[in-house]
Structure formats: C-alpha cells, structure tokens
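S.K.: Following the hints, put chains D and H in place on chain W, whose structure we already have.
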Amino acid sequence: MSEPLHTLTLAELSRRLAAKQVTSEEVTRAFVERTRTVEPKVGAFLHRDEADTMAQARASDQRRAAGKSLGPLDGIPIGIKDVIAVKGQPLTAASKILQKYISPYDATVIEKLNAAGAVRWGRLNLDEFAMGSSTENSAYQTTSNPWDLTRIPGGSSGGSAACVSAGEAPAALGSDTGGSIRQPASLCGIVGLKPTYGLVSRYGLAAFASSLDQIGPMTRTTEDAALLMQVLAGHDHRDSTSLKQAVPDYTAALHAPAKKWKLGVPRDFFGNGLDPEVRASIEAAIKFYQGQGCEIVDIKLPHAELGLPVYYIIATAEASSNLARYDGIRYTHRSTKAADAVDIYFKSRAEGFGPEVKRRIILGTYVLSSGYYDAYYLRAQKVRTLIRRDFENAFQQVDAILTPTAPTPAFKRGEKSDDPLAMYLSDIYTISVNLAGLPGMSIPCGFTKSNLPIGLQLIGRPFAEADLLAMGRMFETAHDFHSRRATL
Amino acid sequence: MPQPSVDIDYVANLARIDLTAEEKTRFAAQLGDILAYFEKLNAVDVTGVEPMAHAFPVFNVLEEDVEQPGFTPAEALLNAPAQRDNQILVPKVVDDAS
Amino acid sequence: MEFEAVIGLEVHVQLKTRTKMFTRVAYHYGEQPNTLTNPVVLALPGVLPVMNAEAIRKSIKVGLMHGCKIAEVCKWDRKNYFYPDNPKNYQISQYDQPLCLGGGVEIELPGASRNIQGAHRIVQLTRIHLEEDVGKLTHYNNDSLVDYNRAGAPLIEIVSEPDMHNSDEVFAYLTALRTNLVAAGISDCDMEKGQLRCDANVSVRPKGETKLGTKVELKNLNSFSGVRNGVDFEIKRQIAAIQKGERISQETRRWDAQLGLTQSMRSKEQAHDYRYFPDPDLMPVRVTPEQIEKLRKELPELPFDKQRRYQKEWELPYTITSVICPDRELSEYFEAAVAACGNPKAVANYIANDLLRELAAAAPMGESPLTVSQSKITAATLGGLVKLVDSGAISKQIAKDVFLEMFQTGETAETVVDRKGLRTQSDTGALEKICAEIVAANPKPVAEYKAGKLTAINALKGQVMKQTKGQANPATVDEVLKKLLG
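Protein chains in written order, with my numbering: chain W, 2 to 489; chain D, 9 to 106; chain H, 680 to 1165.
Calculated from the structure, these hints are not laboratory results. Every value quoted in this text rests on a predicted model; they were computed, and no experiment measured them. We treat Cβ as the ideally placed atom computed from N, Cα and C, and that holds for glycine. Just to be clear, a hint being listed does not mean it is correct.
If you only want the chain H side, here are some residues facing chain W, beta carbon under 7 Å, derived [unchecked claim]:
1) Pro724
2) Leu727
3) Phe761
4) Asn768
5) Asp952
6) Arg954
7) Phe956
8) Met962
Facing chain H, according to a computed beta carbon distance under 8 Å, are these residues of chain D, among others [said to hold, decoys possible]:
9) Leu22
10) Gln76
11) Val101
The shape of chain W in the complex, shown without the other chains (with noise of 0.2 Å):
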C-alpha cells in the first residue's frame, strides 16, 4: 500500500475499495491533489470543481458503508473530455463560442457513470469541437505530453489522454471520429478503444461528424477498458443510431483463455511517413504474437490510402451542418458588433470559431453547395463503400488487422499547425477505422529512443471489442509499457 494512490489502475482501486482498504474520500483526494500538482506542466484539465467531486465522493462512501454499493466503478474519478454534455457543468467544447453554456441536461453515458457510481472528475480540454490531432486548435490553453513537455498529446482527446498519462485520474472519457480517441492514446502512451459505430449513445456528445463519432474508454490497462466498457456500452432509444446489440461480459472476455487468433497486417499501406522507430516497435510486437501462436497473415486494404479526402468530405460535410447550430442565438455568444438579426449569425461564429473550425466548416458547405454534392460528397459515401468491403474481405481471413496507432511519435507543439494537409496525414491509420464503423483499439507497444511512447492499433469485426481486448491483455501481460508513467 506504498505506492500513491495515483499510481494505481481501475481495476486495483476498485479491488480496494470493495475490500475497504481504502475509501473513495482518500481515492478522489489522491487523484486531485496529483492533478494540482502537476496540471500547471500538464494544462489537461479546462475545469474542475473539486467541490463537487468530493461530494461525490462522500457519496459513494456513504452508499458503501449501507451496503448499497453500485459496482465496480462506484467511488471511481473518471474524466469527461469536455464535449460530453453534464448537467450544470459547463460545456465548452473549447470553444469561445459556448464560453458561457452550462448544459442543462446529462448524455447518456454520463447518465450511466452515474447509475455506476462513478465519480466525475473536471472538464478535460480538446481540439476545438474535436476537429484536430493535436489539441492545438483549443481556443483556451495548451496541453502537453506527460512524456515531454515540448511536445503535443495527440487530438482530439488530448485533454483526456495526458489526464491518465499523467496519474490525474485513473481513466477518461474520450471521444473518437478519425483517430481522436487512439491517436492520443498511443502518443500518451495508455489504452483508448474507440468502440463499433453504434455500440455506445451519442445522445450528449456535441456532434462532429453523425456517422463517425463514438465515445470511449481511455485508461491504463486493457482491464481498465474492459470495466469502463462494461458501464457505457449500450442501447439508447434517444439515439437512433445506437445498435440493439446484446453487451458481453467484456472482463470475462479477458480473462478468458487466449486463442491462436489470426492477425492481418496490411503492409502495403505501412508506406512513408512511417517513422522507423515506430516500424521497428510494430514488427517486434507482430513477432510476439508469432510467438504466441498467432498466425500473421498479410491483407491488402486496396482503398485505404483513399481514406483521408473520403473522411475529410464526409466529416467536414456533416460538421457543416452540425456546428450551424452555434449561431449567438439561442445559447452561445453573441456578438455585440452586430448590425442586424442576420449579422448575428456571421459575426458571433466569426468570434466564436477557431481557425480550423472555420476551415472544416467552409470545406464541409463547399463540397455539399449546389454542383458539388455529387462529385465529392457521393462519390465519397460511394468510395466508404468500398474501403468497408476492404475489411470485410480481410475479415474473411483474419480475426483482427494490426497497424500502428500513429505514423509518428508526438511532434513537437508548432510543428505542423502550419499546414493543414500534413496534421490530418497523422490520422492515415485510424481513419479508415471510422468510415467502416469499426472497433479499434490502440495499446502501448514500445517506446522510442527519447523515450516517446508508440502504440499498436488492433482493429476488429463489429462488436468485437471483446476480442480486440483479450488480445490487447495478451500483449499487456508480456510487456510493461503500460506500466511506464511519465516524470513530471
């Protein structure tokens, strides 16, 4: 019991707290005064209310002591990237343009952490309305990699993956379109599985792009992921697009024997840009799971490389039309430079918007304005179809694809905020993820050199988030690259 509580993973702080070994007082007051400690290098958090947290806390304590405990993340602090909606809390998206909103109603999943027991803990800071790989787009501060200081955490769930890289809190919610979720992860070097299109509400979470976005754990450990899974996955009535889909027991799923799975490895789409530190962690862990048994198969993806202007015709054109909603009218800022009813519109998101939020939204009505529709947005939809079929085929053969997360480690802060183009080439691997409505998966696999964390993206068949996480679990037990914690 030496080692601070903030060291600790969910699963271990869970075990204790049902065994009394320690309260949810003492957890949560761990997990905030780690977070005053070192949020001042780290800037992950855009809100706390320490107040309220404790509260929760006590609460969870008192629910324990009369025997009325609510499960394994009861007493648990868990962080919420500040695009999911809680009820009197703010939420920015780190946006000027909803400085001001307290959301006046709770998302759905934060509807379950709560019938979980869980404690939420603060407002964790983003790429402005999730659009970004690097969390340099928020309109309010800066977040940095627990690992270097210099160097961006990822995007969009910046905020969310130096939180838990960082020992401020044991895990958080993420959100993930192109990569947000398993992008930062593996550049933070912790867990984050971005679940199958469906499987969790999205009822509460500020859309970016409808067909894309999906909520999901970011942790320490695959253990971690597969409690917090077991909490959010779901139907929701209020989410049309939420699947009927039976939820397995995920924790049995990891514990479970392990099986000789078949691994595809789309090699032909490892091309350049793939940084050779990260190629060489990627062939050591295709060699591990040679090793365990694991039948290596390579796969084609023949669409894949088209994955980046079909993401970035479809998810612009959605997010056109999502963020129009933010118009100083009814809840956000509003101008005071207006001249008239109609200028409110053009100056409040002038003021309100960042730069790539303007980008994304100005290309997203551009390719869906009168002309345009058929030759980008349908023939994008079209081209989705094909780079789904990809997977499907490849799923004929294998039981999961392994890529890496990232084609680099983290780059230093500045140095691709310049060119558009060259910061979405970072989301190459994930993207394709998405357009398919697939689970994927990224895990810590190794470290570079200057000690930059790298990590490996395991990508499954629809609702087999179960499966991605035993195999996640098998690489884990094997290795200590999660176990790494970053000196700050």
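M.R.: Below, chains D and H without anything else, positioned relative to chain W:
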C-alpha cells in the same frame, strides 16, 4: 469534376461566417490544396457501388407517441444571450413573410 | 389575347399527434411561450432526433386517402438554412425519397347556384412528405422574439401538380383537403392556429399554350379566402403586366390582405442553396404491404364517396348531402338515426332544418355552434321521433314541438308525447261529436263550402284541430267533416 478553386465569398455566406480578407486568401489557398488532394477519388471506379449511408442499416427506429417531460422556460433560456417575456430576443428580423 | 392561369399549391398540415416529430415533448397550440421545449427542440449540443411512429402512420393514411403510392422505403434529409426560428439551422425533411408520390384530391366546384351540385374533378398531387415545423417569430418595433413551442411539431407537406386554373378550384381544393383530413382525425386544419398553411405558385400563359409561364410564389395566405383573393389578384397582376409588355420575374411575393395586393419580398438568397444530404442521425423507414392494409382499414369513408352513396342509396338531394357528408360526426349521427327508424329523408330534414338551427342557437354569444355530440337529442331519440310520426301516433305539426322539447330536456319522443298528452286522437266517435259541434257553430263556412268554395272546409278543420289541441288526425277530420257536409 469542377476545378478545385473555391468561391470563398459564396461559401462563407452560406456558412454565415464573416471572414477577414486575410482569412479568405489563406483559406482559399489551403482549401485549394485540400481539394486537389481529393482528386484521387476521381480515379476510383464506383460504377454500381451504393453510397454508405449508415454503418449498419436498420429500418424503422421509431418511438410511440407518448409524452415525456420537457423544460420549464427557465431551463430553456438558461444560456440565452438575450431574452424578454420568456422568449429569445433578437434584433428585428425584417425579411419575414408574415 | 386570352390567358389562362396555372396554379399549384403547397399545403403544410400539422399532424394531430401528442408529441413532436423527432422528440417526445408535447405539442399543442396556445401554450405560454417556451413551455413545450426540451434539449432536442432547442438543438442543444449533443442532442439527437427520434421518429414519432404515430406521425408516420398518420402520414401514410393521408397518402392512402388520396390514392398516392406509398414508398416502400423512404428516408430523411437535412435542409440547411439559417433562420432564428430554425433551432438546428437545418430542418429535417424528405428530399428525394418522400413517403408518398402521386395521388389526387377530388374537388367539387361551385354549382350554378348554392343548391346545385357543381362538377367534380381530381387535382393531381406530386408528392407528400414529412418534416418538422419551426418556431414562431413575433415582430415588434425594434426587435423580434422567438418562441420554440412549435419547433419540431410534425408537418406533412402536400404538393399539388400545377393542376388548378382559377381561384374557385383552389378554394375547392383546400376545402376538400380539410374535410378529408378532419374526417380521418389527421389534423384539425385550423388556419388560425397554424395547423394548415398554404403557399401558392401562380403563373399565366396564353390560352392554348402548353409551356408554363414564369411562376411566382405567394406567401402569407392566412385563410381560405385569403388564398382565393391572393390568387385572384396575382393572376390579374400577371396578365396586366404581360399585356403592358413587362416580364414576370420568378420571385416570392407576399399577400397583404389589408391592402388587397401582393408585394415583392425583399430579396433573400436568390435560389436557396439548401445543401440537402441524407441525415446521418436517422434511419430510413420501410413500409410493408401488411402495414398499409392495416392502416387502410382504419380510414373513414371519404366525404365525396359518402355523398355519392347517400344520393344513390337514399336519393338524398344535394342540399342535404352538402351539409351532412363533409362532417364525419354529423354523418355518423345521421346514419345511426336512420338505422333506428329507416327513414333517411325524414331524418335528413330534421337535421338540416331543425337540429343545426337549434345547435347554433344554443351556442354562447359569438361562439361556434354546438356539435351533434353536444346535442341532447341523440341519434337514437331522433330516430324514435321519426318513427312516432311515421306510425301516425303524432302529426308532423306536433312533432315540431316535440323536437324542441326533446332538445331542451333530452327526453325521448315517447316520454314527451305521453307527458304532454300529445297523441293523435283517432277515436272517431269523439271526433264526430266535435265536428258536428263545429259545423253547427259555423254556418258561414258551411254555406260557402256547400256553395262550391271547397277551401272553406279549412276554417272548419282549423277549429276542430284547435278544439282537439292539434291532436286530431287531420286526415280523419277531413273525412268526418266531408261526410257531415255531404
């Protein structure tokens, strides 16, 4: 496929965002690059391929016509930038039909 | 040169469901501002739409009633535009795969006079689709206020082909549509409550020309007569302009009922670029033949079909059917009364001549007439009254008084008749005695009758009826008097 150059003024107007002259120039250039990148898609043969409207197509996701509780006016206007008489206040809208 | 007008109507109808189209908060007219909202209505960050099953069913029924083809599969699209009453700044609608295609509305044109049935024809429909309503903007001197109560209410948009040619047809079309939709419980179609809204597309062309002229969209047509007058004005305006050599601009014009003219609206975006795309938040709708048949069984008889049936089966005249058939409640009442007594013409006359008059008179000052459901005379008791007359138990004259009494008290005809002792006296003996007395007491009319003035008998008859308080059987009185007078 049309030349990848964006009529920035038209699109910014549709999107209701005031862009500075500098932003217009910068965005037009950046978007031009991005659209040129999109040209890759033209090489793909999509004959007979259906657009992927939904990840897992399902039909008739319906709810019965049963009332659920809603907001009070106070809740509805919690974040209102300007209000009067429990309604959202805006400068006079002039081009309305009614 | 002679011109003809070509008119198409876009009618929006608010469906009479309990909750809104894409969220389950209630909707009804006339509530305090912003009391019928929730996160979805207000388009807060993170909300999502969920379809209303009853709205779909009602919309299918509208399509079936009007002979439309119901799409096997239809989907939802986003119509993107910014406006303060549009919370998401897009409206969920249906663009290229609507719920219903084709179909037609049977209309009845005015006849030569009010009592003569006019010609019928079918106005073709293009399509019917579902969408959501927007909020309400109210304008003041220096600002405007937005109320989102109405935002999200379910609407169907019924689009006609440009298949009407004058304002009479337009008026008849709206009337028929409203009658059909009210009969089927789809909507109350009250224009004052915004439950039915109409935009008209009007163009003119030289008579005989097949190409369509430039069409002008008319808005702010707030009543049926407003639609009629607005269309009339616009037709005249366009013809006058063309005759002066002017070109008609394709534009939107606003009808001003006060000034009695249409005015060009300040130019908005020329052609709206709505950037339609399929809504990724909603799944498509699939309608099976079984579902269609089930809904078809729930449809009421269409008013014009009913009119044809009444005219054929019961030979009721247009003056009667035009009153009863458009009103579902009234026609159900009528048919129940007929079932009770088997005399459709008599029942119809009571309804048309007496019942409706009394229902109007009984309403409080300035309010609409009571409905048959509020009538103290039920279909059964009305049938009972007719049966009593048909059996000879009371005369038609007496029946009128009995009717009024029944209307006040709700008693059956039998009860009133017995209570007031109104049965027709057919006891010949007593009657002969009275007739003899009257003949004896009235020598003048007797003499006139005998002299050949046959109508003089009526004075005697009148006195007999008076003596018997109207309860003598008039035919018997006639017989007895004639016998006495020889």
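S.K.: Now tell me, hint by hint, if it's right for this structure.
M.R.: Okay, the hints, checked on the actual structure:
The criterion of a C-beta within 7 Å of any C-beta in chain W is met by Pro724(H), whose closest approach is roughly 4 Å, and the hint holds. For Leu727(H), the interface hint holds, since its Cβ comes within 7 Å of a Cβ in chain W; the closest pair sits about 5 Å apart. The restraint placing Phe761(H) at the interface with chain W holds, with a minimum CB-CB distance near 5 Å, inside the 7 Å limit. Taking 7 Å as the C-beta cut-off, the interface hint given for Asn768(H) holds, the closest approach to chain W being about 4 Å.
A least Cβ separation of about 5 Å between Asp952(H) and chain W falls short of the 7 Å threshold, and the interface hint therefore holds. The closest approach between the C-beta of Arg954(H) and any C-beta of chain W is roughly 4 Å, which is under the 7 Å cut-off, so the hint is satisfied. A distance limit of 7 Å between C-beta atoms decides the matter here; for Phe956(H) the minimum to chain W is near 6 Å, and the interface restraint holds. Residue-level restraint check for Met962(H) holds (minimum Cβ-Cβ distance to chain W is 6 Å; threshold 7 Å).
At a threshold of 8 Å, the smallest CB-CB gap from Leu22(D) to chain H is about 6 Å, leaving the interface hint in force. Evaluation of the Gln76(D) hint against chain H yields a held restraint, the C-beta minimum of about 4 Å falling below 8 Å. Taken as an interface hint, Val101(D) checks out: its beta carbon lies about 5 Å from the nearest beta carbon of chain H, inside 8 Å.
In terms of the numbered hints stated before, the structure departs from none.
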